[in-house]
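Chemist: Letter by letter, the chains look like this.
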Amino acid sequence: MLCAQRITRLYETSGRGVSEVSLEIQPGEVFGLLGPNGSGKSTLLRVLSTAIAPDSGTFRVGYADGFQEKREVRAKIGLMVDRPTHYGDLTGWANAYFFARAYGVEEGKADGVLAELFDYFGLAEYKDEKVKTYSYGMGKKLALIEAMAHGPELLLLDEPSLGLDYTSQLAYQKKIREFASAGVAIFVASNQVDEVEGLCDRVAFLHRGRLVAQGTPEALISSLRTLRRIVARLHNPIEYAFLEKTPGVERAVPEGRDLVVHCVERPGIVADVVAGIVRCGGDIVSLSVERPNLEDVYVKLTGEALHDDEA
Amino acid sequence: MRLNPPDAYWKKDAVLFFSKRLALFVKMLYPVALIVPVAASDIPAQYAAAVVGIVAVMAGTFGAGESLTVDLNDGILVRVALTPLSPRRIVFEILAVNAFLDFIQLLPALLIVYVLHPAPLVWVLAATFGVFATLVTANCIGIFIANFTSSPADVLLYATAILAPLIYLSGFFRNTNPTGLLAALRGFVPFAYMNDALKAVFGLDVQSAPFEVFVYPSIIAAVLVFGVCLTAPRLLSPR
Numbered sequence: 001m002l003c004a005q006r007i008t009r010l011y012e013t014s015g016r017g018v019s020e021v022s023l024e025i026q027p028g029e030v031f032g033l034l035g036p037n038g039s040g041k042s043t044l045l046r047v048l049s050t051a052i053a054p055d056s057g058t059f060r061v062g063y064a065d066g067f068q069e070k071r072e073v074r075a076k077i078g079l080m081v082d083r084p085t086h087y088g089d090l091t092g093w094a095n096a097y098f099f100a101r102a103y104g105v106e107e108g109k110a111d112g113v114l115a116e117l118f119d120y121f122g123l124a125e126y127k128d129e130k131v132k133t134y135s136y137g138m139g140k141k142l143a144l145i146e147a148m149a150h151g152p153e154l155l156l157l158d159e160p161s162l163g164l165d166y167t168s169q170l171a172y173q174k175k176i177r178e179f180a181s182a183g184v185a186i187f188v189a190s191n192q193v194d195e196v197e198g199l200c201d202r203v204a205f206l207h208r209g210r211l212v213a214q215g216t217p218e219a220l221i222s223s224l225r226t227l228r229r230i231v232a233r234l235h236n237p238i239e240y241a242f243l244e245k246t247p248g249v250e251r252a253v254p255e256g257r258d259l260v261v262h263c264v265e266r267p268g269i270v271a272d273v274v275a276g277i278v279r280c281g282g283d284i285v286s287l288s289v290e291r292p293n294l295e296d297v298y299v300k301l302t303g304e305a306l307h308d309d310e311a
Numbered sequence: 001m002r003l004n005p006p007d008a009y010w011k012k013d014a015v016l017f018f019s020k021r022l023a024l025f026v027k028m029l030y031p032v033a034l035i036v037p038v039a040a041s042d043i044p045a046q047y048a049a050a051v052v053g054i055v056a057v058m059a060g061t062f063g064a065g066e067s068l069t070v071d072l073n074d075g076i077l078v079r080v081a082l083t084p085l086s087p088r089r090i091v092f093e094i095l096a097v098n099a100f101l102d103f104i105q106l107l108p109a110l111l112i113v114y115v116l117h118p119a120p121l122v123w124v125l126a127a128t129f130g131v132f133a134t135l136v137t138a139n140c141i142g143i144f145i146a147n148f149t150s151s152p153a154d155v156l157l158y159a160t161a162i163l164a165p166l167i168y169l170s171g172f173f174r175n176t177n178p179t180g181l182l183a184a185l186r187g188f189v190p191f192a193y194m195n196d197a198l199k200a201v202f203g204l205d206v207q208s209a210p211f212e213v214f215v216y217p218s219i220i221a222a223v224l225v226f227g228v229c230l231t232a233p234r235l236l237s238p239r
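Chain order of the listed sequences is A and B. At position 74 of the first sequence the residue is numbered 74 (our numbering), and the sequence of numbers has no breaks. At position 164 of the second sequence the residue is numbered 164 (our numbering), and the sequence of numbers has no breaks.
Be careful, since some hints might not be right.
[Stated by the list, open to error] Only pairs whose alpha carbons sit at most 30 angstroms apart, straight line, appear in this in silico DSS-like list of lysine-lysine:
(1) A/127 x B/27
(2) A/109 x A/70
(3) B/27 x A/130
Source of the hints: derived by calculation from the structure; they are not laboratory data.
Kindly produce the complete structure, drawing on both the sequences and the hints.
Modeler: Spelled out as structure tokens, the structure:
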């Protein structure tokens, strides 16, 4: 459904963007693109949504060329940008109706399709309220409705679940699975590891504008089967570089308030890590030993964390 | 045909225009407040016509330019441009609906002018059409400016720089009896024909014949509309 070949788009001012990115997404496949902020996810989505032209490379959606047949491509795509915007002085329903009709949904069908989606995403009772009164999460749900209403062949979603409450996240993921079952190709750009790991059939990692790996979540994680992941929640930030000198510790990376330590399996490693954290001045609130996840794969591949928060 | 919920860009703008009651009241009131006192006074006819013309020019240019830059800054216009709608159609609808809504704003004031200054019907129609052609031209200028800036404040600045020489050429205040190059250039500015028609309504003898007010501004405005629509892919691209 989507075939992109060697897409390069670099911003002159910052030199950032994407470089030589190639990927394919089949009908019915949910494809996740993981990368930290600034890795180029949104730039790639902008290219694939025809918002900006690449410096080089090509892509097709179905049989439509991404550069020569932009309007055909746009008609096939359901798009949700990372910061959805709406006409604040129009109601949620009016916004969704406007976009549905712009995508060619027939007048007679639009009401029914939208009513079902508003009901599904819990926005039915707010449909006649102006969008400027909506919360951020409600705006995101409205953007999802606008992306889905016309029955696209390809869904391009940028950080779709960010800002959604837990119930809405589950509803969104269920709907994504329904679309995939119906043969829709789905591209999810995110840095929410749990979401991508649970939802996506295949995943690619984007690091500083380049794809560093892609495959199924299971295959990517299995490459780390000898790794243990010790997650320590700390009261205070610490200088953790010293911890990496502990025998068996491969690296330590901060993830929000947690310090994640990747280490090889050996007897006594957990005790050594705890001792190392304490020696670094860490005040441990909680500790868990987990199986590796996609974030660990990313760290191993790039040496950098998906989230740039300091522990 | 229903406007709300909107199924076209122009309907969306029309719904927004009529939905905010206080803003609508102010929008409808300010042309009346500016034009009617002047029309009712014994100010020289040339200047009364100029005031009506200036209000039309400013309303058209600033209205389209500012609302467009606000939508561009919000990102909503770029989002709309990523639908299968033709970018040129979107820009045409922006232009058409803004010109029409500006015209609705000015119409009450114009009607009062016609009541206060009864004139031959042909000049009344010519003046009304001249105002509409001016609004189309002014909106073209506003949209053209939005190609180069995403700041509503810059729109005011650039518009002033563009409008000042056009207003001079049109003979609102100076250049009332141009010759040579100035006369030739005046013939390419739709504002000039509106000014002539308004002067005729206020009782002055003018250079243009009524048919010229219908024909030449139509041709010039059509060329401008075509040109502005060609800028659509650039205008609607992410900034």
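Chemist: Flag every earlier hint the structure violates by its number, smallest first.
Modeler: Violated: none.
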